[in-house]
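Heads up: the sequence lines are chains G and B, in that order. Residues in the first sequence are numbered consecutively from 1, following this note's numbering. Residues in the second sequence are numbered consecutively from 1, following this note's numbering.
Some hints could be false.
Said to hold, decoys possible - Here are the computed distance ranges between Cβ atoms for each label pair:
1. G:Met49 <-> B:Thr35: 18 to 24 angstroms
2. B:Tyr21 <-> G:Ile79: 36 to 42 angstroms
3. B:Val15 <-> G:Thr52: 42 to 48 angstroms
4. B:Leu9 <-> G:Phe25: 41 to 47 angstroms
5. B:Met25 <-> G:Trp221: 31 to 37 angstroms
6. G:Gln108 <-> B:Leu54: 54 to 60 angstroms
7. G:Ser273 <-> B:Trp36: 43 to 49 angstroms
8. G:Phe12 <-> B:Leu54: 57 to 63 angstroms
9. G:Trp18 <-> B:Gly13: 17 to 23 angstroms
10. G:Thr276 <-> B:Met25: 32 to 38 angstroms
11. G:Ile79 <-> B:Met25: 39 to 45 angstroms
Said to hold, decoys possible - Restricting the straight-line Cα-Cα distance to at most 35 angstroms, the calculated cross-link-like pairs of lysine-lysine (DSBU-like) are:
12. G:Lys413 <-> G:Lys347
13. B:Lys58 <-> G:Lys102
14. G:Lys102 <-> B:Lys63
15. B:Lys63 <-> G:Lys347
16. B:Lys58 <-> G:Lys295
17. G:Lys413 <-> B:Lys63
18. G:Lys435 <-> B:Lys63
19. B:Lys62 <-> G:Lys347
20. G:Lys413 <-> B:Lys58
21. B:Lys58 <-> G:Lys347
Because the hints were derived from the structure by calculation, they are not lab data. Positions of the beta carbon are idealized from the N, C-alpha and C atoms, including for glycine.
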Amino acid sequence: MGDNLSALTTIFTEFYYWVTVVIMFLIHVGFCMYEVGVSRRRNHLHTLMKNTMVIPLVTITFFFFGWWIYWAFPNGPFIYEGKGLILDGATGANQYLPWSPKMGPNLQDHITGVFWAAFLLFSWTVASIVSGSLIERVKSGAFWVIAVMIGSVTWIIDAAWGWHFDGWMVKLLGYHDAYASGVIHAIGGGTALGVLIVLGPRLGRFAPDGTARDFVPQNQWLVTIGLFLIYTGFWGFYAACNVPIISPELIAGQVTGSTWTATTIYLTPTTLSAITFNFLMSLSGGLMVAYIISKGNPFWTYSGGLAGVITASAGNDLYHPIQAFFVGGLGIYLGYYLHYWVERRFKIDDAVGAVAVHGYCGFIGLVFAGFILWGYPSSPYEGYATVSPLGNTIGAIIMFFVLGFLPGWVMAKILDGFSLLRVPRHVELMGLDFKTLTEEQNARDEVNRIEIAMA
Amino acid sequence: MGSTWAVDLADVGAVYPWLGYEVIMVVVAILAWLTWHYVQIRDENRDYDEDVRLYGNKESVKKAIEDFPV
């Protein structure tokens, strides 16, 4: 911080990311409320703790190796021009090893901690996306292994590949995913689907003739307030995806003149105003369409608002608000019907609809962005491919299937092979909180007996 | 880090204690993390095995569902 302007910019950037982290915390609060609300009464506590413990487990592993992966893997490695890991230099990964002096209180570095935390909150989110799908039958220990896998390994590989100014998918494919339709949501949905195939449906979810029984959410209020909180946290998420202020000299790309700007993660110019327009318009498109197709069902209407934002997120830095509105609406329309088709056809029991809302809508959003932004520059630097339908569709396949579905399915198979994936049948029927609820009831009964005796 | 703040902050970097021992701290923390998973998975499986042993019959399941209906 050599001069006052530099100091002000640094402190502003530090505070900016810090605020986004605090707002994004609401996403996790919302996911917990949502999941607990969907689960049946005798599974509430297990459901809550399963998602709560994502916070410490993904945090420490993201500190150990997740952040290092982001900076080391933009070349694939060896996919882009045969180059390996990026370890040294100004953006090299070794400065983010967990024993680096930058990874702790350091008066020369105001940014690493808050930038790390912003990415970490994305990591919690992507693990939470998987969490909801698996409720009421997955063992907590198995889920937490999967959470570490997606939260601190696979998603951050995809971020290095397609959500980094130097990522090989941006350079070669022109991959554009400004607010993470793919890098967070498609991979989360894909991973959930891979695990669900191995895990199987909840007992009794499907009738002998194959029709799905409706497991009604225990508490619609928790579900809807939880989704409201996710919307709220999503504002922080959008802001955290930006670089808040940067000069053309610092970008050192093709931008000319001396106008400072906010940028996307790719260092392409944008404004908070632009993404505020589009966040709200895509939310509205999703809510309006979901209300109609679900006939006013609160669960799907709220999920539809979220799905609308998720679908439009890939291009919400550049879309016109009307485009964002229609993209959001079309996304949930397709995601909703895909959810029920997959449920009927393959007997997939996705308890919260996460595969549809995050996975299918994230995938669809990437494809849409490829068409609508066809020909746009993906980067401020020379030599990068422009945005195209082919590049974004290949990107969607990489996010959903290669880094999402496949690792989820393989990890679930391994865990299942060791009998670590699913709770025993009798325990599932009794409810995962059976023992705790029984102990609590016994304690209440004892107090009641004593009070009656004392009367 | 020295014993006074009477310094030019431009010359101050990391300020946490045990500077130079970060690798050891990280190794200990990684071992603690792996141990946590081991203990948690062992205990969870043990609890479920016990639940099945004590309550793994039709009557217990029926009672549980009646006591705590959906």
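Against the structure, the hints:
1. The supplied range of 18 to 24 angstroms is met by Met49 of chain G and Thr35 of chain B, whose beta-carbon atoms lie about 19 angstroms from each other.
2. Under the hint 36 to 42 angstroms, the C-beta atoms of Tyr21 of chain B and Ile79 of chain G, about 37 angstroms apart, fit the expected range.
3. Separation of Val15 of chain B from Thr52 of chain G is about 32 angstroms and departs from the stated range, judged on CB atoms against 42 to 48 angstroms.
4. In this structure the hint that Leu9 of chain B and Phe25 of chain G lie 41 to 47 angstroms apart at CB is violated, the actual value being about 30 angstroms.
5. Hint check: Met25 of chain B to Trp221 of chain G, Cβ distance near 44 angstroms, so the stated range 31 to 37 angstroms is violated.
6. Checked against the hint of 54 to 60 angstroms, the C-beta distance between Gln108 of chain G and Leu54 of chain B comes to roughly 59 angstroms, which is consistent with it.
7. At roughly 45 angstroms, the beta-carbon separation of Ser273 of chain G and Trp36 of chain B lies within the given 43 to 49 angstroms, and the hint holds.
8. A hinted range of 57 to 63 angstroms for the beta carbons of Phe12 of chain G and Leu54 of chain B is consistent with their spacing of about 60 angstroms.
9. Checked against the hint of 17 to 23 angstroms, the C-beta distance between Trp18 of chain G and Gly13 of chain B comes to roughly 21 angstroms, which is consistent with it.
10. A beta carbon spacing of about 42 angstroms between Thr276 of chain G and Met25 of chain B contradicts the range 32 to 38 angstroms that was offered as a hint.
11. For the hinted restraint 39 to 45 angstroms between Ile79 of chain G and Met25 of chain B, the CB-CB distance of approximately 34 angstroms leaves it violated.
12. At roughly 18 angstroms between alpha-carbon atoms, Lys413 of chain G and Lys347 of chain G fall within 35 angstroms of each other, so this suggested pair holds.
13. Taking the CA atoms of Lys58 of chain B and Lys102 of chain G, the gap is near 58 angstroms; set against the 35 angstroms cutoff, the hint is violated.
14. Between Lys102 of chain G and Lys63 of chain B the CA atoms are separated by roughly 57 angstroms; this puts the pair beyond 35 angstroms, and the hint is violated.
15. Our distance criterion of 35 angstroms between C-alpha atoms is met by Lys63 of chain B and Lys347 of chain G, whose separation comes to about 29 angstroms.
16. Of the pairs offered as hints, the one joining Lys58 of chain B and Lys295 of chain G is violated, with about 40 angstroms between alpha carbons and a cut-off of 35 angstroms exceeded.
17. Of the pairs offered as hints, the one joining Lys413 of chain G and Lys63 of chain B holds, with about 33 angstroms between alpha carbons and a cut-off of 35 angstroms not exceeded.
18. Between the alpha carbons of Lys435 of chain G and Lys63 of chain B the distance comes to roughly 13 angstroms, so the proposed pair stays at or under 35 angstroms and holds.
19. The straight-line distance between the Cα atoms of Lys62 of chain B and Lys347 of chain G is roughly 26 angstroms, inside the 35 angstroms bound, and the hint therefore holds.
20. A C-alpha spacing of about 30 angstroms is found between Lys413 of chain G and Lys58 of chain B, which places the hinted pair at or below 35 angstroms, so the restraint holds.
21. With a CA separation close to 26 angstroms, the supplied pair Lys58 of chain B and Lys347 of chain G stays within the 35 angstroms bound.
In this structure, the earlier hints numbered 3, 4, 5, 10, 11, 13, 14, 16 are contradicted, and the remaining ones agree with it.
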